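Enquirer: Those protein sequences? They're chains U and X, same order as listed.
Here the first sequence stands for residues 1 to 921, numbered as in this note's numbering.
Here the second sequence stands for residues 1 to 539, numbered as in this note's numbering.
Worth flagging that the hints you see were computed from the coordinates, not collected in a lab.
The structure displayed is predicted, hence computed values, not measured ones.
Just so it is clear, CB atoms sit at the ideal spot from N, CA and C, and this is done for glycine as well.
Any given hint could be a false lead.
Straight-line C-alpha distance at most 30 Å; calculated DSS-like pairs for lysine-lysine [as the list claims (entries may be wrong)]:
id, chain 1, residue 1, chain 2, residue 2
1, U, Lys719, U, Lys459
2, U, Lys784, U, Lys679
3, U, Lys10, X, Lys368
4, X, Lys6, U, Lys10
5, X, Lys158, U, Lys16
6, U, Lys459, U, Lys784
7, U, Lys82, U, Lys518
Beyond 12 Å from chain U on every Cβ pair, some chain X residues (computed) [stated by the list, open to error]:
id, residue
8, Val131
9, Lys368
10, Arg520
The residues making up each chain are set out below.
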Amino acid sequence: MSAGGKPGFKPIADRKTVPVYCIQCVAGPDLLKVEVEDGVATRIESNYGIQDEHPGAGRVCVKAYGLIQKTYNPHRIRQPMKRTNPLKGREHDPGFVPISWDEALDLVAEKLRGIRARGILDESGYPRLAFTSGGGGTPVQYMGTWPAFMVAWGKLDQGYGSGQGLKCYHSEHLYGELWHRAFIVSPDTPYCNYVINCGNNVEAAGGVAGIWREADARVRGLKRIQVEPHLSVSGAVSAEWVPIRPKTDAAFLYGLLHRILVETDWRKNCDLPFLEQSTNFPYLLGPHGYFLRDPETLKPLIWDSEANRARIWSDAIAHPAFEGTFRVSGVELGPDEERWEHRDIEVHTVFHETIEFLRRYTPEWAEAECDVPAATVRRVADEFIAHACIGETIEIEGQTLPLRPVAVMLGKTVNNGWGGYHACWARTLLVALVGALEVPGGLVGTMVKLNRPANDRHKSVLPTVDGFMEYPFNETSREGWQGKPDLRNAYISLVPLVGHSAWAPALGPAHLPWLFQKNPPAGLPRTTKPEVWICYRSNPAISSLERERVAQQIAEFPFTVAFAYTLDETNYLADVLLPEATDLESLQLIRIGTTKTVQQFWRHQGWAIRQPVANPVVDSRDMTDIATELARRVGILGEYNEAINGGAAGCRLSREQFDYGLDPNVAHGRDEIWDAVCKAASHELTRGEEVHGVDWFREHGFMLRPYPQLQWYLYPTVKKRGLRFELPYQERILRHGTQLARRLHEAGIDWWTRQLEEYQPLPHYESFPDIWINYAKEVGRDPKDYPFFALTARSMQYSWGANAGIPLINEIAQNVAGHKGVIINRGCARELGIAEGDPVVITSPVGETSGFAVLREGIRPDTVLMIGQFDHWAMPVAKDLQLPSLNNLTSIALSLTDSTGSSADLARVAIRKGSGPRRPA
Amino acid sequence: MNAPNKTPRWGMVVDLNRCVGCQTCTIACKHANDTPPGVQWRRVLDIEHGTFPNVQREFLLVGCQHCANPSCVPVCPSGATRQRADGFVTMDYDLCIGCASCAEACPYQARTLVHDQRWYFGVATPQERQVEHPDRIGVAQKCTFCVERVDDGLAHGKVPGLDLNYTPACAAACVARAIRFGDFNDPDSEVNRLLAGTPSFQMHAELGNDPQIKYLYQVPAIPGRDLNGDAIDDALADPSNPLTGPHQPWWDYRAAMNFMLGGMSSGLMFLAWLTHQFFGLPQDAFVRLTTAAGAVMAVGLFFVFLKIGRKARFLNVLLRPQSSWMTRETYFVAIIFPALAVNLLVPQAWLPAVIGLGGLGFLYCQAKILHASKGVPAWRAPLMPWLLTATGLLEGSGLYALAHAVAPAALPYGSAAATLGAFATLATGVLWLRYRLGAKAAGIEPLARREIDRISSLVSGLGHAVPLLGFLTLAATSAVAAPVAFVTGAAAIAGGLFWKYRILTRAGFLQSHAMPKLPRRGSGARAAPYRAGYPPVLR
């Protein structure tokens with residue numbers, strides 16, 4: 001052995017490596033290679049073969065390195081299991097006993113056949129079959145052809161949440177898609193110079209691509225102001241930390257708007273051509289708060305200051321008026337086709353209305369609300385304007401576009417629940433004021449989930465008569481409103497903005513079914529329990545709001561099928577455990593490239609494969625084989641195969657130019673199915689120039705073709721279509737809200753009234769923290785007993801990977817502050833007599849959690865922080881971590897749910913020193 | 001910039017403005033190097049400076065710095081730790097005896113020893129079985145800069161640092177491109193280009209190791225921040241501060257036994273020879289005294305033997321006399337014990353000098369072993385060799401007095417011996433006070449200083465004042481009072497043993513990590529400048 005050598009060092013060239021992808025969280029995918037020796041997966045490394053194309057230079061995220069321990073975890077469910085104890089609950093040992101795959105699939109298929117025999121909808125009109133998965137939709141990239149099974153099945157309830165709506169960027173998802181086709185919003189980091197970051201923790205939640213791009217921007221000189229109650233990882237690498245009071249970000253942003261539009265000269269601050277031509281600022285408003293329209297075309301009117309008359313928005317108007325009072329005739333279109341005709345009335349513009357609206361939100365007002373000094377509000381606003389470079393341009397792929405290198409980002413919790421609309425509105429307006437929306441350097445969207453088509457956000461830019469982009473609102477008209485919901489969370493009935501794409505059920509009020517099951521809502525059908533509930537790559541008994549309640553509801557489900565990797569808190573309550581082949585054991589081809597969450601901006605598009613890398617260690621099965629076999633046993637094989645042929649495995653197998661379709665009447669093997677998908681995908685990508693089957697992909701890992709960078713920006717498409725961004729005035733929100741209020745009133749539903757108040761065209765600020773403070777009263781407690789805010793923050797090492805039971809991840813996560821307990825301000829802890837490592841108990845009006853104190857300076861004294869989601873009680877390894885969880889403290893409550901059906905990861909709490917020993921060193 | 005040089009000098013540049021503390025490097029290293037649970041050759045600290053609301057949080061990558069002047073190499077008694085011409089500080093697990101001298105000598109907390117095979121889930125997984133390294137049990141280990149990958153690359157004409165498959169795993173894996181690896185002797189290397197444009201610091205440059213990880217801390221136009229020295233010192237009093245060095249875990253009571261018993265016995269050998277040579281101690285009494293001292297020394301050495309990780313290889317301790325004080329100590333052992341044996345069986349006139357001077361040599365070697373532990377500020381203090389030597393002589397004097405009190409006829413004792421004892425006590429007392437008062441200036445950090453302060457009154461009072469009084473009394477009286485000799489001897493021994501035990505097992509905190517310059521992220525320098533007074537305020 002050489003000095004320094006280790007025995008058996010194998011030269012790189014002699015190593016066997018297998019290419020796969022990792023998309024355990026939405027920030028992926030990253031590509032990696034798994035080294036294999038003697039049929040055993042030994043090590044993981046980035047796939048450097050894609051470093052020139054991948055936006056994170058081909059590096060793989062820290063979480064992916066946990067996959068080998070995930071594969072060889074001795075606590076894995078080693079074969080299908082069946083519950084023997086009919087009593088379900090945390091306190092009842094499920095008595096799981098091993099059964100064969102044949103028996104397990106028969107058991108499940110029999111239940112499903114029974115449902116089909118009686119009809120897939122129950123007496124309430126709700127699907128008898130429900131399905132829940134988590135991870136921001138990433139489980140789809142692991143579930144093989146399971147989506148085809150669901151398509152073949154027909155209506156099933158995907159509206160049971162496992163944390164959706166509060167652990168995502170919920171308001172941004174909905175309003176972002178409405179305003180600029182931005183389910184997720186990102187700075188155009190490579191060109192951006194100044195970012196106001198309200199709680200957005202991109203260095204923990206943005207994945208490799210986010211970290212890589214931000215690091216490049218940082219050393220280039222990008223300045224980021226981090227506005228958040230605790231100093232996150234992103235705060236650490238920002239130029240400045242502004243410790244804001246929790247849930248008051250909108251107040252800070254309103255203060256910025258006031259500074260720019262009211263306190264200083266907006267003509268010098270703003271991108272006037274953008275405001276004139278690309279927003280609804282010049283639109284005239286009627287006395288009822290709706291646009292004043294041309295009676296013939298019904299198009300909204302603008303005052304042409306040169307022609308000195310009102311004209312429709314689509315006319316070429318060089319100088320639309322912003323300020324002043326105008327005498328105009330026209331019509332207003334109100335709710336439910338109400339129509340008001342006006343003759344020669346005095347009207348103002350949206351701009352005027354906005355200025356008047358913002359007048360009250362001074363920096364001093366903001367300081368009183370959000371605890372950020374007024375001087376800081378003013379300085380940040382001034383810096384933002386100074387960095388906006390209004391008037392500058394940049395050439396991208398031969399096309400000259402505006403360059404506006406400023407952005408405003410929002411984080412989780414800022415974006416969720418009450419105040420989310422306000423924060424989203426204010427930040428989108430801020431960037432619009434300087435013309436930084438959907439242009440290089442500015443604020444851009446990454447993808448769509450509510451608009452269609454799914455893989456090209458530009459194609460959904462279709463015109464409305466108002467000059468904005470079309471949007472798939474759920475109907476609120478008398479005729480169109482869905483008075484009898486088809487899913488238990490009633491998203492189509494309650495949330496017009498969430499639309500009705502396949503993603504919409506999970507983006508509706510997904511926590512409400514858990515509430516409605518015990519507290520049936522008046523005016524809606526009785527919330528029946530699903531006869532069969534299937535849970536995949538998700539642990540709602542851990543990851544939900546008020547998780548104890550959720551676990552109790554799960555325990556009441558009559559038949560639960562859990563795809564299970566190890567025992568966890570949800571499958572502990574299941575009837576059948578199906579151990580599916582995990583990340584490094586199963587086969588799937590996915591789309592990569594284009595623009596995707598969170599900062600995956602590619603100049604390429606294509607496909608990547610995940611495949612079994614080593615000899616199997618447990619009796620698991622590939623999800624594709626499970627789906628095929630269940631489809632066969634349930635008697636829907638034909639529909640299932642047709643769904644695959646139609647694209648349910650990620651790519652249509654037959655088009656005009658090619659046909660790789662599967663025989664619908666035959667149960668195909670996994671490799672056969674994916675071989676067809678690989679061929680169709682490569683054919684589609686290369687227009688038939690280079691067609692490859694599954695073996696080629698297994699060897700090469702991925703296939704790419706160029707994708708234009710111009711596609712990153714929506715502004716050119718909006719301009720090309722002659723459209724405007726629907727900002728700042730929200731006429732459609734007002735109309736839908738008013739109509740919805742009438743529909744609900746007509747249906748006798750009075751428990752959604754508070755939510756209806758949020759449908760304002762210019763959203764008025766209210767003291768959002770008070771909603772959480774006063775919640776204590778609702779459950780008979782005194783708010784004064786809960787003097788602290790409890791928050792959570794993303795853990796890059798843990799988030800969404802279901803890797804709480806992986807000791808390697810735990811070991812390295814310990815190096816990142818907060819992974820050992822509850823973060824408490826050091827000075828505050830001193831006053832409470834709490835020392836580093838002391839056991840502490842955190843109580844909220846509805847729950848309790850405990851952990852060890854981690855004392856830091858980088859947190860407000862009125863706030864405590866619990867990273868990630870822990871406090872497991874069933875999952876091996878995880879249950880020994882002694883880590884707290886905010887999910888024990890939060891509440892599922894209508895009063896904490898906003899109009900989009902979102903709540904927030906936030907609770908008011910008390911802290912006390914616990915008993916027992918300090919945290920072991 | 002360095003002149004072109006054919007021999008590369010491999011090193012790293014870490015950009016503190018890029019690092020986000022995600023630990024991808026940590027985990028990539030664990031994969032590439034198959035390290036067991038709890039062992040992290042590479043890791044990133046998560047640090048705070050300041051108090052709310054003026055706080056800065058930083059991430060500091062740490063691990064073996066592959067120093068140009070590595071303090072771990074000369075202390076290694078077996079030659080297992082070496083430095084290659086191209087800079088890699090390497091480990092040969094098959095030579096290492098597991099004495100942990102290198103770990104104590106490293107001021108960067110880079111080394112560790114694992115004595116038992118450990119598994120992540122308690123039981124070995126197939127993967128752990130596949131990649132286990134039994135050769136690393138009981139020996140020192142640390143970051144290798146992935147030397148095999150680099151050598152593999154060089155053998156295939158690749159450029160380590162640029163070709164990621166042949167770059168240290170942490171640098172290749174870094175998702176922020178914060179870690180770069182390259183040749184400092186190549187003026188055109190990426191690492192040198194990065195250093196050329198931006199100021200950098202070396203961690204603990206003042207210690208003289210010339211570490212080869214260089215930290216970039218500023219972006220163009222915005223200087224990093226300096227830290228107030230007192231604030232740093234205060235922060236290091238907090239054991240939960242990630243910068244604060246933990247207590248060294250390797251040298252426990254067993255190592256302390258050798259310093260205690262070895263110091264006492266070797267001091268006695270030297271004193272016995274002095275008294276024999278110059279003040280008339282008879283040969284037979286000399287034999288009795290030194291034989292007893294030899295027995296005490298043997299017990300101490302046996303405890304050291306118990307401590308080393310690879311006992312079967314203990315003879316490898318002899319392989320590095322050119323630099324290792326542990327090797328040299330062993331050579332003195334090899335002289336002392338045969339001399340003692342021969343002198344016991346067939347006394348020779350010249351042997352007492354061999355034994356006495358051998359004892360002194362042993363004592364000095366032992367003092368230098370502790371002093372060479374550069375990773376432990378309380379041990380590497382400049383006065384440490386003299387303090388340990390003087391203490392050994394004091395303890396030897398004490399042991400002599402004590403032995404006389406127990407067997408006065410067999411072991412005659414006179415004022416000369418007492419005078420020597422008084423001198424040794426005086427010297428030890430003064431050195432201890434200077435050690436204690438100069439601790440902060442010598443770089444000893446708060447947690448260790450707290451321990452030194454805690455024991456100091458007992459050491460000075462019981463260990464120095466009482467023996468001094470006793471030795472002076474014994475020197476002044478013609479008839480030695482056995483009780484006085486007993487108390488004097490016992491106090492001298494107790495004082496010496498006490499401080500050595502506590503300084504080894506309670507004040508042995510490892511050198512803290514340091515971030516002398518704070519990065520300031522996001523200068524805004526490339527953006528439009530902030531225009532004071534713009535936009536103008538209306539009204």
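Enquirer: Take the hints in turn and mark each one as holding or not.
Expert: Checked hints:
1. U:Lys719 to U:Lys459: This hinted pair holds, its Cα atoms lying about 14 Å apart.
2. U:Lys784 to U:Lys679: violated (64 Å)
3. U:Lys10 to X:Lys368: Violated, because 41 Å separates the two Cα atoms, which is more than 30 Å.
4. X:Lys6 to U:Lys10: holds (27 Å)
5. X:Lys158 to U:Lys16: holds (20 Å)
6. U:Lys459 to U:Lys784: violated (52 Å)
7. U:Lys82 to U:Lys518: holds (27 Å)
8. Val131: Its Cβ does come within 12 Å of chain U, the nearest being 5 Å, so this is violated.
9. Lys368: Holds, since 26 Å exceeds 12 Å.
10. Arg520: violated (7 Å)
Comparing the model with each earlier hint shows violations of hints 2, 3, 6, 8 and 10; every other hint is respected.
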